[in-house]
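A.B. asks: With the hints as constraints, model all of the structure from the sequences given.
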Amino acid sequence: MSGTNASTLTPEEPEAPTNRPPSMRRIKLWLQRPYARKVLILTVLIGFLLLPLCWLLLAAMNQTGAPASDIMKDIEQTIFVFTLVSIPITAFVFAVLLYSLLGWRRVTGDEPPMQDSPAIRTNTIGVILWTGVSSLLAFFLVVWGLIELAQITANSYGSISADEQPGQPKSEIINVTGQQWVWTFEYPQHDGLTSDVLYMPLDRPVYFNVTSKDVIHSFWAVELGIKIDANPGAITQTGVTANKVGTFNVRCAELCGMHHAYMQTEIRVLEQDGFDSWVRESGGKKTS
Amino acid sequence: MSVDTATETKRVFGVEVPQPRQFGASGGIMRRLNFGTGLIGGIGLAAIAGWVTAIITPSSASNDTFAPMEPTYVYLAVLLGWAIGFMLGIGAFVGPLRWVVGRDITHDDAEYMAGKDLGRARYWKYTTDHKVVGIQYLIATMLLLGFAGLLAMLIRTELGMTWAELFSPSFYNSMIGTHGIAMIIAMIVAVTGPLGNFIVPMMIGARDMAYPRLNALSLWLLVAAIPMLISSMFMGGIQDGWSVYQPLASQAPIGMLGYQLTIITFAISTAIASVNLMTTILTMRAKGMTWSRTPIFVYGIFAASLMGLYAFPFFQYSQILGLSDRVFNTSFFNPLNGGSVWLYENLFWLLGHPEVYVIIIPSAAVALELMPVFLRKPLFSFNFAVAGIVGVVALSGLVWAHHMYMTGWAPAANYPFMLSTEMISIPVGFLVLVAIGTFWRGTAWTRLPLMAIYAVIFNKMIGGVTGIYLSDVPVDQYFHGSMFVVAHFHYMLMGAGLFGAMAGIAFFFPKMTGRILDERVGSIGLWTAFIGFQITFMSMFVAGLQGQPRRVLQFDSQFNISNWISTIGAYVIGIGMLIFLAAIITSWRSGAIAGSNPWGSKSLEWQTETPVPLENFPVLPVVTERPYDYGVPDPYEAELDARDQDLTEKAGIK
Amino acid sequence: MKKFLVTFLTVMVGVAIVAGVGAFNAVRQEEPPVLVANVVGTKKAPSGEEMPHAELYLDVYPNSSSQVPPPNTPSPINRVLLDGQPFYHPSTSLQVPAHSLVTIHFRQYDSGGEIYNPYFADVHGTVDGTMKWNGDVVTGVKPDEVGHTFTVHQYPESNQPYFFMSIPLPMNKANAKTDKMGYPVDPQTISVTFMTGEAGEYVWNCEFPCGDMYQEFGGPMQTRGWMAGTFDVVEV
Chain G
7 MSGTNASTLT PEEPEAPTNR PPSMRRIKLW LQRPYARKVL ILTVLIGFLL LPLCWLLLAA
67 MNQTGAPASD IMKDIEQTIF VFTLVSIPIT AFVFAVLLYS LLGWRRVTGD EPPMQDSPAI
127 RTNTIGVILW TGVSSLLAFF LVVWGLIELA QITANSYGSI SADEQPGQPK SEIINVTGQQ
187 WVWTFEYPQH DGLTSDVLYM PLDRPVYFNV TSKDVIHSFW AVELGIKIDA NPGAITQTGV
247 TANKVGTFNV RCAELCGMHH AYMQTEIRVL EQDGFDSWVR ESGGKKTS
Chain R
7 MSVDTATETK RVFGVEVPQP RQFGASGGIM RRLNFGTGLI GGIGLAAIAG WVTAIITPSS
67 ASNDTFAPME PTYVYLAVLL GWAIGFMLGI GAFVGPLRWV VGRDITHDDA EYMAGKDLGR
127 ARYWKYTTDH KVVGIQYLIA TMLLLGFAGL LAMLIRTELG MTWAELFSPS FYNSMIGTHG
187 IAMIIAMIVA VTGPLGNFIV PMMIGARDMA YPRLNALSLW LLVAAIPMLI SSMFMGGIQD
247 GWSVYQPLAS QAPIGMLGYQ LTIITFAIST AIASVNLMTT ILTMRAKGMT WSRTPIFVYG
307 IFAASLMGLY AFPFFQYSQI LGLSDRVFNT SFFNPLNGGS VWLYENLFWL LGHPEVYVII
367 IPSAAVALEL MPVFLRKPLF SFNFAVAGIV GVVALSGLVW AHHMYMTGWA PAANYPFMLS
427 TEMISIPVGF LVLVAIGTFW RGTAWTRLPL MAIYAVIFNK MIGGVTGIYL SDVPVDQYFH
487 GSMFVVAHFH YMLMGAGLFG AMAGIAFFFP KMTGRILDER VGSIGLWTAF IGFQITFMSM
547 FVAGLQGQPR RVLQFDSQFN ISNWISTIGA YVIGIGMLIF LAAIITSWRS GAIAGSNPWG
607 SKSLEWQTET PVPLENFPVL PVVTERPYDY GVPDPYEAEL DARDQDLTEK AGIK
Chain H
897 MKKFLVTFLT VMVGVAIVAG VGAFNAVRQE EPPVLVANVV GTKKAPSGEE MPHAELYLDV
957 YPNSSSQVPP PNTPSPINRV LLDGQPFYHP STSLQVPAHS LVTIHFRQYD SGGEIYNPYF
1017 ADVHGTVDGT MKWNGDVVTG VKPDEVGHTF TVHQYPESNQ PYFFMSIPLP MNKANAKTDK
1077 MGYPVDPQTI SVTFMTGEAG EYVWNCEFPC GDMYQEFGGP MQTRGWMAGT FDVVEV
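Residue numbers (the working numbering), protein chains in the order written: chain G, 7 to 294; chain R, 7 to 660; chain H, 897 to 1132.
Don't read these hints as lab results, they were simulated from the structure.
Some clues are possibly wrong.
[Said to hold, decoys possible] A partial selection of chain H residues facing chain G, derived with a Cβ cut-off under 10 Å:
(1) Tyr-1012
(2) Asn-1013
(3) Phe-1016
(4) Asp-1018
(5) Thr-1047
(6) His-1049
(7) Gln-1050
(8) Tyr-1051
(9) Ser-1054
(10) Phe-1060
(11) Glu-1103
(12) Pro-1105
(13) Gln-1111
(14) Phe-1113
(15) Gly-1114
(16) Ala-1124
These numbers were taken from a predicted model, which means no experiment stands behind them.
Think of the CB as a built atom: it goes at the ideal place given N, C-alpha and C, for glycine as much as any other residue.
C.D. replies: In structure tokens:
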């Protein structure tokens, strides 16, 4: 029955209880109202104004050499997508706020307005649209996040011993100890070599066993995008594969006392030969 | 004292109504107790308790880590002495003590306690009238906000002076911790205290709260807790952030005891206030006020009280256990002796998360409450607003571990918590829908309360979206513990919470004080603060994106520019808030006198006289209409109806 | 007009309170006066180059006495809580010249015990990875005989060179002969030489649990002027 002309309605057609046109027609009729089109145009405009945020956020993050690992790249991609997905609803809300000041009637003065506004108690289509869209978006974000989390977890935790598969790069294990207020690193695969600077090999998975000798610290390798708390009395684990040579930062991300701000050290990602020669030179317990 | 008063009757609307028998005479010491005697009692008992403890504790007392225990015991005794002495001195124990000796609080006493005919003095006493308690809460909140705001200005000054350390790291850590907890306490009571107490009974058509004496108790417990918090700054400070994670808190100097006792006292105050509000709302609504006729503000206050009631005990327990670790050498949180640091984190965040909803739901509810009045149309989709509030309450207890994604506590638990955290954005979204639906096609009467709502919704959107980033575990792997988190929660708690509270205060100001809040000065203050707020926290987001951790006073020079900009913005906020404060002060003292209903509201609380008489309504009202009964029929709907008729006629249908 | 006056006054009073409280607390800092290393000539670096040489003298005392006053502590409660705790003397704000070789001479009067993290029982960051202890050249001490450490580490600033140095200061044995103040007559003497590069600001603290409270890392270990301080490398 779509496309029937109003003037040729036959007695079989009317929908109980009134003769209202079908929903699509209602939406088209609604779009003919002047404010409806303007609010939608304003939404699109504001959306475009907000769009550069997707890139600006990443620009702010990448000032010191990030991304230096696949995990960090994943994180940046997620931020990009989340920003993109959040823009429509945000733009719509801002558009309504703006239009309510510019488009619909405005009254100033000491007395309440003489004329009330239209008594819209609800609008089923609007509510369903909003609920549906926001739920879909939330669902999309959840699924994206869960899948990404599963991927990152598979790459960082677990099977530390079982990583010696043919064709796979050999993994490096580093024990991280946080203590008020210095990070120290131990390389159990290199005769207990210790260091205050985190040397990492390029393109090889590195697993960290993190613990603390006193209070809770948080081991944050900033440009590599990994973070795990260093808890006293427990060993937590994380892992990453650095894919960029350079000098990056380890910061403590959990308040741990007076010199918490100064609990930082460097990450030096070296190619395999550079890493090997460092191990050789520092053999034993000497550092920097 | 044990003379039975004869059976008496009272004339009520021309009818002699017999009164219940009362034992004991009216009056007594109770009539002479006030804030001054409370101070005397508190300081006196604190001094005695401290002196006695100092005498009986050997000066060489130390625990197994060689810490001197005498200062700890003395400070603990002083704090407990202060709390008990202050409550004794203010008259909090009058009821229980009289009950013990078999003496009633007579009708005259009850009227005295409600502040009848006492004039200004009733604000300094243990007054049970909900209107007086509301004003007292307002003053206490403003004092706390001022104290915490002062600390905020100092914090930003330190962060802005990137070339030097103005304060030592210990003092800086102490400032941020005290700022945090003072602001949290202030925001928890900001709407529920003044407006929940003053307005809600009138809004539901009752004469007072369900438990008037408990009402006064909850306020004065808060007042007793504030000096405990301030004293901690002089005892070495709270050097561990507002969340005082263990075991770091076990290393702090004795100021930590001040924090722990502040929270223990405040939790009791909150529990009492929650029970009071919930009982009042459940049982004392006016005749005819079914749940579908109850204003949304009442729903919001009820929800916040419910969440506070189940969540605050966790926080209290965590501090009691921490206190025990410190004073009695237990090891609840000492991993070297079998304790668990994750236990503390869980206990803390089990409160920590519902608490942010305790802060934001009342602000959202007051925003939704005032919008129909200034837009002259009913609240859009009242049912959805209720569904949003119910959804938030239901989910609020299921999301706490999103603060613990990075602790390594239970990596597998990150999945369900991520799910529940993303899901909670949906009921919150309902509230935003209701707000913009109410704006839709409304005639905006651009007074200060409504203009503030624009600020609230704007900030809420930014805070909400950045919260979605943080709810995603991999993204949180970068952002946790950075300034991004700080900016996010300031957008929610201050941007939406505090500005919403300011809107509520501006809205209810005529009813609470009898005067209209000066629009020009108030608006200048509000918008100055708003602009400063955007500058401060937008550049704080940038600092977080760049990688600045939180709770640091020195940082890499790449963060310098963001911090300079944030500091300038913070000063602008400070000036804006001071201007708003000036508006409140001038208007309260000499503003334009308000009628009983200057906003033309149809809600019950505006149908009382101003100043509101002691018993609110001469006759308890009966509710027969839906709330928000504003609005004229929609002309577009009328047009559609006309077209319908036209089409029906043309088709020849009767 | 009146409204404007009240507003102006409120803002001014608010700003004055903030400025006043801030200034008061800024002045009451716990930082002791700066101890500057004296340049005493030149010394040969391992590379063979002659570099300016500066020296610094620091003592570590187990507690204060009439002979050795405690560090200046503006906060009254700290004076009570830190009574009888160890501290570095005469100052913890150190300044050394850039592009130089610096030698620090320590005299350690305190006892000690087992250190939590054996990493800090070894010498790190000195010119040849060694230190001179009572005349002998060593690379570390036994982890259960540490008294204190002197650990200089990173400031959160990437525009300055990375610098890390940690020296264990061995303990005095329990049966050492003490004078009437309770200090050992023959304290442990340690000297280390390290090289400084570009100018920069660093911090240092002790990594041996010599304080009180949890893990004995509280008290003086968290108070500048006692067991933690600043370390500035400045151009001369």
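A.B. asks: Minimum Cβ distance from Glu-1103(H) to chain G below 10 Å?
C.D. replies: Since the shortest Cβ distance to chain G is 7 Å, the answer is holds.
A.B. asks: Going by Cβ atoms only, is Phe-1060(H) closer than 10 Å to chain G?
C.D. replies: holds, 5 Å
A.B. asks: For the hint on Gly-1114(H), does the least C-beta distance to chain G fall short of 10 Å?
C.D. replies: At 9 Å from the nearest chain G Cβ, Gly-1114(H) passes the 10 Å test, so the hint holds.
A.B. asks: Close enough to count: is the Cβ of Gln-1111(H) nearer than 10 Å to one in chain G?
C.D. replies: Holds, about 4 Å.
A.B. asks: Would the stated hint for His-1049(H) survive a check requiring a Cβ distance to chain G of less than 10 Å?
C.D. replies: Holds. Min distance 5 Å.
A.B. asks: Given Ala-1124(H) as an interface hint, is its Cβ closer than 10 Å to any Cβ of chain G?
C.D. replies: Constraint on Ala-1124(H) satisfied, holds at 7 Å.
A.B. asks: With 10 Å as the cut and Cβ atoms as the points, is Phe-1016(H) at the interface with chain G?
C.D. replies: holds, 8 Å
A.B. asks: Is the interface hint for Asp-1018(H) satisfied, with its Cβ closer than 10 Å to some Cβ of chain G?
C.D. replies: Hint on Asp-1018(H): holds, closest Cβ of chain G at ~6 Å, below 10 Å.
A.B. asks: Once the shortest beta carbon distance from Tyr-1012(H) to chain G is found, is it less than 10 Å?
C.D. replies: holds, 5 Å
A.B. asks: Taking the least C-beta to C-beta distance, is Gln-1050(H) closer than 10 Å to chain G?
C.D. replies: holds, 5 Å
A.B. asks: Tell me if Pro-1105(H) is really an interface residue toward chain G, meaning its C-beta lies closer than 10 Å to one of theirs.
C.D. replies: holds, 8 Å
A.B. asks: Against chain G, run the beta carbon of Asn-1013(H) and see if the smallest gap drops under 10 Å.
C.D. replies: holds, 5 Å
Every hint from the earlier list agrees with this structure, and none is contradicted.
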